Amino acid sequence: MSGLDPIETFRQEAQELLEQVEQGLLDLAHRPGDRDLIDAVFRGLHTLKGSGAMFGFDALAAFTHHCETAFDRVRKGEVPATPRLVACVLSAQDHMRALAEGRPVEPGAGEALLADLHAAVEGGDAPVGAAEPAAPDARKWKIRFSLPADALVNGARPLPLLDELRDLGDCHVRVVTDDVPMLEDLVPTECHLAWEVLLTTPHGRDAIDDVFIFVIDEMTLEVEELTASRDLDNPMAEAAGSPSAVKAEKSTETAAAQDTRAAKSGETVRVPAERLDEMMDRVGELVIAQSRLKQLASSSLDTALRAVAEEIERLAAEMRDTMMVVRMVPVIQLFGRFRRLIHDLQNDTGKKIDLHIEGETTELDKTVIERLADPLVHLVRNAADHGLETPEQRLAAGKPEAGVIRLSAVQSGAEVLITITDDGRGVDRDRVRAKAEENGLITPGQVLTDNELLNLIFAPGFSTAATITNLSGRGVGMDVVKKTIEGLRGSLDITSNPGQGSVVSLRIPLTLAIIDGLLIRVGASRFVIPLANVEECVELSPAQDLRSTGRSLITLRDELVPFIRLREQFKTGSAPDPHQKIVVVSTGQDRVGLVVDQILGDHQTVIKPLSGFHADIGAFSGATILGDGGVALILDIPTLVHLGQRHDAQMRVAG
Amino acid sequence: MTQHAIEALTFDLQGETFALEAGLVREVLDLLPETEVPGAPPFVGAVINFRGRIIPLVDLRVAFEMERGDPTIDTRIVVIEHPLDGEPALIGLRADKVHEVTTITHETTEDVPRIGLRWRTDFIRRLARRDGDLIVIPDLDQIFAARGQTASVTSLHPTQAR
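Listed in order, the protein sequences are those of chains B and W.
The first sequence begins at 1 in the working numbering and counts up by one.
The second sequence begins at 1 in the working numbering and counts up by one.
Derived from the structure by calculation, the hints contain no laboratory data.
Since we're looking at a predicted model, the values are computed, not measured.
Careful: at least some of the hints might be erroneous.
[To be verified] Cut-off 25 Å, straight-line C-alpha distance, at most; resulting in silico cross-link-like pairs (SDA-like, lysine to any residue): (1) Lys-399(B) x Glu-311(B); (2) Lys-366(B) x Arg-53(W); (3) Lys-352(B) x Gly-33(B); (4) Lys-294(B) x Glu-311(B); (5) Lys-571(B) x Pro-42(W); (6) Lys-571(B) x Asp-141(W); (7) Lys-571(B) x Arg-51(W); (8) Lys-366(B) x Thr-484(B); (9) Lys-571(B) x Glu-34(W); (10) Lys-294(B) x Arg-61(W); (11) Lys-294(B) x Gly-52(W); (12) Lys-581(B) x Ser-505(B); (13) Lys-76(B) x Asp-116(B); (14) Lys-97(W) x Glu-21(W); (15) Lys-571(B) x Ala-46(W).
Whenever a hint applies, use it, and build me the whole structure from the sequences.
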């Protein structure tokens, strides 16, 4: 753990740069003339080339150099960003990713991509003049810039910047030495100089900004156009100005410096996920130790001890919350990649697809985000492949040619609701039913609610794809999606209107590490039920208990709910308590009652995994340490609900 | 024949002496509150809280088809670090009594005889002779891989595993 492998650091950085380039390119496909996007892509390529060479990724650096050169022509306005060009750079970007990750690439693949790229650039015989406004009259600009003190250490060099400005036109440069400290305070590696440049150029403001494109984030830059009314003959005199003018400039500079500082507070630190996990473990232990302290203190008469215990409790809770926030990342990291997927899907299917993304700033635990990626890809593919119709079919159905897939994320309490909506043809109920009958999931003619019918899609081995396309049918079914989601302690549901499309909703807990739980006792053992699954708690009267020997069902507000006696399920071999309770739990749609001996109360639970010996016992999703140091197992509610339903079904057959 | 000697911790299970390589042993604990795991095989029927970690508690007596007596004042938990399914894991082992760390030289050990033992021979790595007595060096890999199930037990109780 000591120090980070520089290669690994570069790979991470490359990953982010490529992501940024990719997003820029995808946006560019919609807004081909957007200067900011073009600059962003160019900057990404340039940085990748630079650091690639620095870390010894020579093949990557060389390849990127060619792309950068090609893209530079776009930036200079010589070539428009045609869809073809963008597509070429996108493929090139995939190649760079492979190179950065050290994956093997086919020999000649790079050359082929470069040839395509070259053709795309040359083929774009766009009117050059259109991108660049016809040479206007020369205008005069006053430019004032300074670099941050550590710029030289970080490799920025002011001389090339001045050279580039000179290339633009006639230049008068004056160096501003006001901030140079006294000799004894001088740090030779720091940059204290600022420059004032009077530039006469036919190029526009953009050209000036381009000069500073790689340093703009760190530096202070003021650009002002000088109009004819100003004294152009003696510009330097004006620049020197009256004392009050200098003062004013000073104050704007401080404001600019403050801006930079404000921007810096938004800086991020790259931390490997495993360190965060370690820290989370420590916080988990702290929470456990704290609840032990709380228990000790509550039985003590020492008020000072009790005060400290309370203080520690507050701190531990805050620490826990902070730690959670640290692990949170916006879902844009997850959703971002779907733009590329949709881009590719359009090419593969010939369908027109508009992707709408909502709530991309919603945050989720990093681990959750990682594990959500595959199921979401599958759902989006499904929506595009099975859900959306072809343009012709859509037009015939009176819909707009392009289908819409909407990805949205909303936080609600301790959960995030993610929905994947399409406006396609909707789920074909008849086909689902036929397929389910064929697979023996239901008996012919079995009466099902619409919801039950739709949810058959998530049954193992179910697929409605009549023909296996290269999109779906990759051996991953919706059942795997469902399993993954449930593994995250989430749930999913589908609704669909024929001809209008489908909505798949996922409910995902914000984090996997800590949950609020209900602590219960069965026999001599204590267990934790995730609070998110608890609907209500009711008393099981002795009369009901006796009466229900033949059937394990209670009536709750006119609805029959099957229940499981955990005492029997867990074979505790103990006599039931006289006042048993039923905890009604649900997975979102199905409910089941769990008969327990006693409800002990709320418990904030740090989830610990069970060892390999116990991981395959379905009834438990993990374990936690209680305030007194004892261990409580955490109940896996989906499994128990499933058990209850099976039990219920058996009862029905028997009854 | 390699000549190396091993440092081993010896402990008792139902009157038999067993030995484990001392390097595996993390700690020897007095009995802790145990939490039973419903549905788990008797070989590893409980978990304990070992310094903030939840670790499984293994009963080697089940693997060797011994009687499972009640705990006594001498009963201890030996916490070892041993790979489980390829991952390093902490595991607690129940011991009726823990003796001492002793040196076992290779010359005093011998291969497990095919017959004459009432235990599954693949659960034993070697036998060591000492003072006219025998010390069993169990093969933890085999025992853990089998999840402690002996042949007869397996046939009676199909595993809980999916």
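Exercise for the section: Could you tell me which of the numbered hints above are not met by this structure, giving the numbers in increasing order? Expected result: 1, 6, 7, 10 and 12
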